[in-house]
Amino acid sequence: MSNSKVAIDVRGASRVFKAPGQEPVAALDNVSVSIKENEFFTLLGPSGCGKTTLLRLIAGFDFPTDGQIMLYGEDIAVLPPYKRPVNTVFQSYALFPHMTVAQNIGFGLEMQGKPKAEIDARVAEMLKLVRMEPMKDRKTSQISGGQQQRVALARALAPKPKVLLLDEPLSALDYKLRKDMQIELKRLQTETGITFIFVTHDQEEALTMSDRIAVMSKGKILQVGSPHDIYDRPAVRFVADFIGETNFLSGAVKSSAKGNSKVKLECGPEIAASSDDGVKSQGNVTVVIRPEHSNLCAAKQGQLKGVLENAVYFGTDTHYHVKLEDGTHFMVRQQNEGGAQKAFAIGALVGIAIDEGTARILRD
Amino acid sequence: MMDAPLSPAAQVAAENDKAVSRRSRLLSLPALFIVFVFGVLPLVLICIYSFLKPYQNGGVVWQFSTDAYLNFLFQRDIFDDTLQFAPDFLIIYGRSIWYALFTTVVCLLLGFPTAYFMATRPPEQRNWWVLLITIPFWSNLLVRTVAIMFIIRDEGLINDMLIYFHVIDKPITMLYTDFAIILGLLYSFLPFMVLPLYSSLEKMDFRLVEAGYDLYASRWQVLRRIIIPLAKPGIVAGSLLVFIPALGAYVPPLILGGGRHLMIGDLIAQQFGSGRNWPLGSAQALILMAAVLVALYFYSRNEAGPVKHG
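Chain order of the listed sequences is A and B.
When the first sequence is numbered by my numbering, its final residue is 364 and no position is left out of the sequence of numbers.
When the second sequence is numbered by my numbering, its final residue is 310 and no position is left out of the sequence of numbers.
Extracted from the complex, chain A is given alone in its bound form (with noise of 0.2 Å):
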């Protein structure tokens, strides 16, 4: 993937609203993102954190007020959205409902002037690939949610765009149904070879389908990388936090070495906590480590020491709050074995023990 040709190449991209009478409000702030050749890329923040902005961008229903948007090597942020080789699968699917499923499908290849035949056969393919054959004489308000999805994927791929826009797709499905309909777009994208940019406020979703994800928040991106690097290398607070649950430990650098540093953390004991280059190697920092990455165990064998004040059973995992020494709250996040489980009792001291290298140093 990673000498593959660059799709999408955004380059300082800014929007920015103007109200008469109101302070000029920038959606998108100075974005650089380049996305490549087949990539699944998705685009994750909270609402307002300008992901649909930039979608709108590249899809050319918006235009930048400064900046360029480049399409393999064209730039395109002033075309209008009919003379990009883009298409959009919309959050509402914006299924035409005066055509029958077929006729959207088949809508923009009309549009571009195909002879009949090629759009005949086209559309029965399209009909094929999201399984929804039966269907195809159907009024769009005839067929259920998930379907509408399906005819709303069909109706974005059939004129083979070089790259496919998904605004938050699966944001009015129920739960079972987004869990089929990720492995079903995820399939989609493999079989179809085209480039997905992806819009979600939904981590989970994110870090199962992409191949690569930018993390945005009041418009900028933050942070762009695999799932992996997103959520085991946060590099800001934000990332770390928005993306899973994470302990925040405020320290202090002891020393530092090649990315491992020592941090004199402020509820007393001294760990080691890795970090990406050019993070600060000295004076205050904020230590993140993840649930997951620590153990409850006796309080003399652990590297942190607390009171344990709460255990929430979740089935798979149990959660243990753990008041430190300075009274910061960490959680625990333990796998639930078969059989008896190890009692703490609330109210005791126990140890949490942190697996090797997982304490990260975070940027900001």
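In short, the hints are calculated from the structure, not lab data.
Treat the hints with caution; some may be incorrect.
Sample of chain A residues facing chain B (criterion: CB under 8 Å; computed from the structure) [what the hints assert, rightly or not]:
(1) A59
(2) F61
(3) P80
(4) P81
(5) Y82
(6) N87
(7) F90
(8) A94
(9) F96
(10) H98
(11) F107
(12) M111
(13) Q112
(14) P159
Where a beta carbon is used, it is the ideal one built from N, C-alpha and C, also for glycine.
Model the placement of chain B on the given structure of chain A, informed by the hints.
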């Protein structure tokens, strides 16, 4: 197993259901009463009158006759009592239909962009636009039509201005022409086109428009293939609301046409007034109604497909 008798609770529930449906039927009674007294009854009267003979000072003589319908197409010769084809009324009907159709088409062409503009405003502004469109309803149609007369007559606002700025040196005759009548009709009925169009465009999901652009449709194709089909209920409703009243319009042709270019409404009014021929007026009214119903039938048959009539 035995058939269990209804439980007390189920009996109460069934009684309650019956009572509710009885009561809700009662609620429609006042409306039904008004429709019957002021709608159905007059229609029956007109129907009866159209088969009677006219009394010389107005009113009717209670004697069965089909003269009114014969008179619609033929004229009885005073001397030998033979019937001769007289197309005068047909011409007036034809002209009325032509005016009404033309008005409907122009209203649609003017109303669609207006309604589209209104529907694409931010939601909090839309009600103001609707209010603006309904401003003409705040004053009487007669007064507004007379105002048009003052604007377009030979010494009216438009001619005076054009002469003052030396664009023309003799006034352009606008009043008492076809142009004046159609202007009056357009002005009277435009809101009836804009409002239904607006209500159907306002409900439209504009992401469908974006989806159209996304799928390589040009502006024109999006309009033709997406917006217009989705606005069809509004187009149908608006066209009916303009065409039918325009066909029977009375005030604009009377005031702006100066009685030279009669429309059906004026013709019928004449029979009940100076013409003193109530049966003929009744017959003309019924023929107009029949024509509208036949037109509606064909219209709905052509449009019935994707559109659900309310």
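Checked hints:
1. For A59(A), the suggested interface contact is upheld, since its CB lies about 6 Å from the closest CB of chain B, less than 8 Å.
2. Nearest Cβ of chain B to the Cβ of F61(A): about 5 Å, under the 8 Å cut. The hint holds.
3. For P80(A), the interface hint holds, since its Cβ comes within 8 Å of a Cβ in chain B; the closest pair sits about 7 Å apart.
4. Of the supplied interface hints, the one on P81(A) holds, with its beta-carbon coming within about 4 Å of a beta-carbon of chain B, less than 8 Å.
5. The closest approach between the C-beta of Y82(A) and any C-beta of chain B is roughly 5 Å, which is under the 8 Å cut-off, so the hint is satisfied.
6. The interface hint given for N87(A) is met, as the beta carbon of that residue sits about 6 Å from the closest beta carbon of chain B, less than 8 Å.
7. The restraint placing F90(A) at the interface with chain B holds, with a minimum CB-CB distance near 6 Å, inside the 8 Å limit.
8. Because the closest C-beta pair between A94(A) and chain B is about 4 Å apart, less than 8 Å, the hint holds.
9. Below 8 Å, beta-carbon pairs count as interface contacts, and F96(A) has one with chain B at about 6 Å; its hint therefore holds.
10. At a threshold of 8 Å, the smallest CB-CB gap from H98(A) to chain B is about 5 Å, leaving the interface hint in force.
11. Because the beta carbon of F107(A) sits about 5 Å from the nearest beta carbon in chain B, less than 8 Å, this interface hint is met.
12. Annotation: interface hint on M111(A) holds; nearest CB of chain B at approximately 4 Å, less than 8 Å.
13. Because the closest C-beta pair between Q112(A) and chain B is about 5 Å apart, less than 8 Å, the hint holds.
14. For P159(A), the suggested interface contact is upheld, since its CB lies about 7 Å from the closest CB of chain B, less than 8 Å.
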